[in-house]
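**Student:** Here's the letter readout for the chains.
There are 2 protein chains.
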Amino acid sequence: MLNHWIGEEDEENGIKLLLKTSELKKVKTSKFTAFIGHHRIFGRFLVFDEGKRKTIQICENFDFYSEMFHVPMCAHPNPQYVLIIGGGDGSTLREILKHNPQKVVLCEIDKEVVNVGLHYLQTYKNALQNERVQFVFMDGATYVKETNEKFDVIICDVTDIYPGEPAGSLGTSQFLKNVKKTLRNNGIFCIQSGSPIFHKDIVRNLYSLTKKTFKYSFVYASVVPFYPGGIWSFIICSDNLDPRIPRKTFIGKFYSPEIHKVVFVLPPFLKRLLENQ
Amino acid sequence: MLNHWIGEEDEENGIKLLLKTSELKKVKTSKFTAFIGHHRIFGRFLVFDEGKRKTIQICENFDFYSEMFHVPMCAHPNPQYVLIIGGGDGSTLREILKHNPQKVVLCEIDKEVVNVGLHYLQTYKNALQNERVQFVFMDGATYVKETNEKFDVIICDVTDIYPGEPAGSLGTSQFLKNVKKTLRNNGIFCIQSGSPIFHKDIVRNLYSLTKKTFKYSFVYASVVPFYPGGIWSFIICSDNLDPRIPRKTFIGKFYSPEIHKVVFVLPPFLKRLLENQ
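Each protein sequence line maps, in turn, to chains A and B.
Taking my numbering, the leading residue of the first sequence gets 49, the next gets one more, and so forth.
Taking my numbering, the leading residue of the second sequence gets 49, the next gets one more, and so forth.
Hints may be right or wrong, so weigh each one.
A pair holds if it fits inside one copy or across any two, identical chains being indistinguishable in the list.
With a Cα cut of at most 30 Å, we get these calculated DSS-like pairs of lysine-lysine [what the hints assert, rightly or not]:
(1) K146 / K100
(2) K64 / K146
(3) K64 / K151
(4) K248 / K79
(5) K64 / K248
(6) K319 / K146
(7) K64 / K259
(8) K193 / K319
(9) K198 / K100
(10) K301 / K64
(11) K225 / K74
(12) K263 / K296
Hint data in this document are derived by calculation from the structure and do not stem from the laboratory.
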């Protein structure tokens, strides 16, 4: 049995997180190369090679990253209309559908990502084929600017929100204003904001912008076993509801109503990072 | 400038966590090879190569592992006499000394580990040379069996507590009984219990044993950025004090009185692991 090692390779931050896999599929698209492996503990996993770095996108087991989107879904008392920006592989969608919403719009700029999920990741295929899901293949910033639909929860699950990168337009105050007008009453917005160790500027700048746009804006942080640094940050916002309070009971592998409350208790290094603005 | 990649290489669990370093010192001892590198974010770090696997022992920045021993130090109202079993590199000692105890006994089976800390890790050298520290070079299980000294806090910071490994004697009920008789009134015992993802049996078995030995016994878990899986578990025990309550105020980079309370809120996967016994 051949054993390959593949995973995160981040030259800039000087960190590699490699997983051993006995099988490896390689899918070339116009924009990136996707590798699909199987790790004996993390299960099926997906790596994107975009040239300058390789990134672990998702693992099907211990997926505490996607589970952190139960925070917005449970902060809202009854989320029926959900917009996911990014997340084309279907991993976040899989978690969102557990709340049985009426409709989910998945706005993904890159159709090829959805194809990878559909063809190579069985766990996510079922989510991607759910009849309540509507796909829109366009830039999320343009979608929230132009749409007339309104949502209870808007989730921004994109990896390249760093300035100058493809989804850089999602880290602007104009985007946040458009998100705001696309939220229904009691609407909640949640965006992944990177590693507080490796992407300090992202979380700091995004938090600064969201604070100016929404009445409630909080950073929360959690363990993500397959992301380098092991800790990941998210920002959650609302004009009506304090999102630190769970309003529904949901138990995942990592998420619970108790965990919902404690992810908002930030360690001193992260508190200081957010205060120094 | 040469760039080396070195770090955790765990074939059995199929995971590697490698850090980039521009300098690399290699120290051969009778039992292991130590590598000392410098990562631009994690700072100076230490890797042990014991043949079958390479393990990242410690990084001087973002050392949330050692900071988790502020939990026993702050659960005790006034810890003056402290025993550390293992931890010869001085990283845990550095944190313990911040509480200004009268005396710390460091019981390390391997003098070579202390020599690595003294000669190659400036941050820990100062701690290892502190005049309040007394070294005992012997097996921790033998030490607690034979000593007449008593301690306010006993910390067990050893990596190879897995059955059949060198420190396997530290995972037995006989060891725990000897720990108990070595604690002063209001004494607290704390032991690192591995990754709840990769070392499920360790945390489950140790927790089962400590529950039978102490009135209070709790598992807590935290992010450790430089350990694979990103989440690490600890067990804390006492016969007199509920250790979930911080009795002193201390602020670290990761630890705070608020964090002290929330590390005891366990995610469902870990709760289930501990219940299935």
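**Student:** Could you tell me which of the numbered hints above are not met by this structure, giving the numbers in increasing order?
**Tutor:** 1, 2, 3, 7, 8, 9, 11
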